[in-house]
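Keeping their order, the protein sequence lines are chains E and L.
So for the first sequence, this note's numbering puts the first residue at 1; every next one is plus one.
So for the second sequence, this note's numbering puts the first residue at 303; every next one is plus one.
None of these hints come from the bench; they were simulated from the model.
Any given hint could be a false lead.
Stated by the list, open to error - Keeping only pairs whose Cα atoms sit at most 30 Å apart, straight-line, the calculated DSSO-like set for lysine-lysine is:
{"#": "1", "chain 1": "E", "residue 1": "Lys281", "chain 2": "E", "residue 2": "Lys158"}
{"#": "2", "chain 1": "E", "residue 1": "Lys265", "chain 2": "L", "residue 2": "Lys320"}
{"#": "3", "chain 1": "L", "residue 1": "Lys329", "chain 2": "E", "residue 2": "Lys57"}
{"#": "4", "chain 1": "E", "residue 1": "Lys57", "chain 2": "L", "residue 2": "Lys320"}
{"#": "5", "chain 1": "E", "residue 1": "Lys256", "chain 2": "E", "residue 2": "Lys167"}
Unchecked claim - Chain E residues, not near chain L, derived (Cβ > 10 Å throughout):
{"#": "6", "residue": "Lys57"}
{"#": "7", "residue": "Glu60"}
{"#": "8", "residue": "Arg204"}
{"#": "9", "residue": "Lys281"}
Glycine included, each C-beta is placed from N, C-alpha and C at the ideal position.
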Amino acid sequence: MVKVEERDKFNDHLLASGHTACPGCGQSLAARLVLRAAGRNVMVVNSTGCLEVFSSKYPESAWEVPWIHSLFENTSAVAAGIEAALKITGQLDRVRVIAQGGDGSTADIGLGAISGMLERGHDVLYICYDNEAYMNTGIQRSGSTPYYARTTTSPPGKVSRGNWRPKKDVPQIALAHGIPYVAVASVGYPMDLDRKVRKALSIRGPKYVQIHVPCPLGWGTAPERTIDFARLAVLTGLYPLYEVENGELRALKIPKKVPVEEYLKEQVRFRHLFGKEDRKKEIAEIQGIADQNIEKFGLIVK
Amino acid sequence: MKITLGTVTHPGGSRVNKTGSWRTASKPRFNHQACVACDVCALVCPEGCIFGTGQNTYYANEDYCKGCGICAEVCPVHDIEMIPEAGEDG
Ligand SMILES: Cc1ncc(C[n+]2csc(CCOP(=O)(O)OP(=O)(O)O)c2C)c(N)n1
Ligand SMILES: [Mg+2]
Chain E
1 MVKVEERDKF NDHLLASGHT ACPGCGQSLA ARLVLRAAGR NVMVVNSTGC LEVFSSKYPE
61 SAWEVPWIHS LFENTSAVAA GIEAALKITG QLDRVRVIAQ GGDGSTADIG LGAISGMLER
121 GHDVLYICYD NEAYMNTGIQ RSGSTPYYAR TTTSPPGKVS RGNWRPKKDV PQIALAHGIP
181 YVAVASVGYP MDLDRKVRKA LSIRGPKYVQ IHVPCPLGWG TAPERTIDFA RLAVLTGLYP
241 LYEVENGELR ALKIPKKVPV EEYLKEQVRF RHLFGKEDRK KEIAEIQGIA DQNIEKFGLI
301 VK
Chain L
303 MKITLGTVTH PGGSRVNKTG SWRTASKPRF NHQACVACDV CALVCPEGCI FGTGQNTYYA
363 NEDYCKGCGI CAEVCPVHDI EMIPEAGEDG
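Starting from the given sequences, assemble the full structure and let the hints guide the process.
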């Protein structure tokens with residue numbers, strides 16, 4: 001056993017220090033906050049991705065709760081199996097099941113298994129850590145990559161302006177299954193995130209929570225500004241925080257509209273949109289997405 | 303060699319990784335002047351290595367602190383500063 005130092009006797013984190021995430025990693029922070037909200041009586045199933053890799057460097061584990069990794073695409077299937085086993089042995093009252101993965105795992109490769117799990121009604125909370133690309137394999141675009149972002153598979157150049165497709169709206173896909181709770185949270189709003197995870201775990205049946213997690217390496221942002229960028233994404237309207245409980249929508253209001261440039265301009269993944277006159281159109285399009293969100297979710301109190 | 307199905311290991315074993323050695327440029331200094339014990343630095347530390355029990359008691363465990371600087375950035379009373387790794391005198 002590893003001896004916990006005396007001076008850190010308050011260290012009761014369920015995702016322990018010593019994990020190997022990059023400095024300033026939004027996902028490592030979000031995962032610790034999720035477990036802080038969930039408490040000890042959980043079983044966690046993790047898909048392949050940064051979170052899995054940096055928390056389980058052989059032969060160590062950063063997890064203080066039962067945690068299993070199988071594959072990239074079958075996280076929800078494994079979680080559904082665990083839930084079924086807990087149910088049949090009468091233990092589902094004591095233990096909650098969390099399935100979690102990155103946006104690539106969620107929006108693309110594991111989507112079929114997620115849909116099956118939601119549709120069959122398993123009592124599992126699915127958490128998507130959305131850093132908006134396949135980060136662990138070197139920043140390839142995913143279905144969740146936003147418009148015009150630079151990734152290694154959507155490089156901007158003479159013809160390309162970066163990612164050419166809109167971000168896939170997975171929370172709405174989850175909602176379409178008619179499940180009792182869907183929420184969008186951000187690591188920039190830790191207490192809102194905490195509340196949403198607690199709320200989700202208090203509800204029986206399938207739940208989906210998506211958390212926006214800045215990635216300093218993949219986005220080209222300064223590590224110390226992880227929280228800032230997470231907040232700016234919300235304040236611009238580009239990443240609306242909302243929850244839908246039994247069909248009822250509630251959104252986190254923003255005080256006033258921040259122009260999308262404020263969010264985009266200091267990220268290397270959007271740098272190609274700045275400095276040249278003819279890129280105004282792309283920025284206006286991104287502003288259009290933010291404006292639509294503000295309208296759709298009623299983000300600003302009129 | 304015995305081949306087992308998968309790998310099973312004990313909880314929290316990652317603590318043997320003293321990731322503090324990753325710091326290259328700077329580390330946080332908790333000034334202990336204006337601290338209001340809001341706990342935000344501890345809450346948002348990605349390493350979970352900041353602790354404190356009240357006003358002006360917070361510190362980062364340098365064994366694990368990777369020097370990301372989020373704590374200094376979010377402190378509402380600017381009581382945390384990033385200082386050169388080698389200390390005050392450079
Ligand atoms: C079936 C399969 N395809 C590809 C991979 C390679 N792979 C491992 S992690 C990863 C990226 C994960 O991206 P995401 O789910 O967004 O998580 P992130 O690393 O960004 O947190 C990929 C492509 C794999 N492990 N299995
Ligand atoms: Mg990702």
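Verification of the supplied hints:
1. Lys281/E - Lys158/E: Holds - the C-alpha atoms of lysine 158/E and lysine 281/E are around 16 Å apart, at most 30 Å.
2. Lys265/E - Lys320/L: violated (35 Å)
3. Lys329/L - Lys57/E: The given pair, whose Cα atoms are some 25 Å apart, holds under the 30 Å limit.
4. Lys57/E - Lys320/L: Measuring from Cα to Cα gives roughly 13 Å; hence the hint holds.
5. Lys256/E - Lys167/E: Holds, at about 24 Å.
6. Lys57: violated (7 Å)
7. Glu60: violated (4 Å)
8. Arg204: holds (27 Å)
9. Lys281: holds (33 Å)
When held up to the earlier numbered hints, the structure conflicts with 2, 6 and 7 and fits the remainder.
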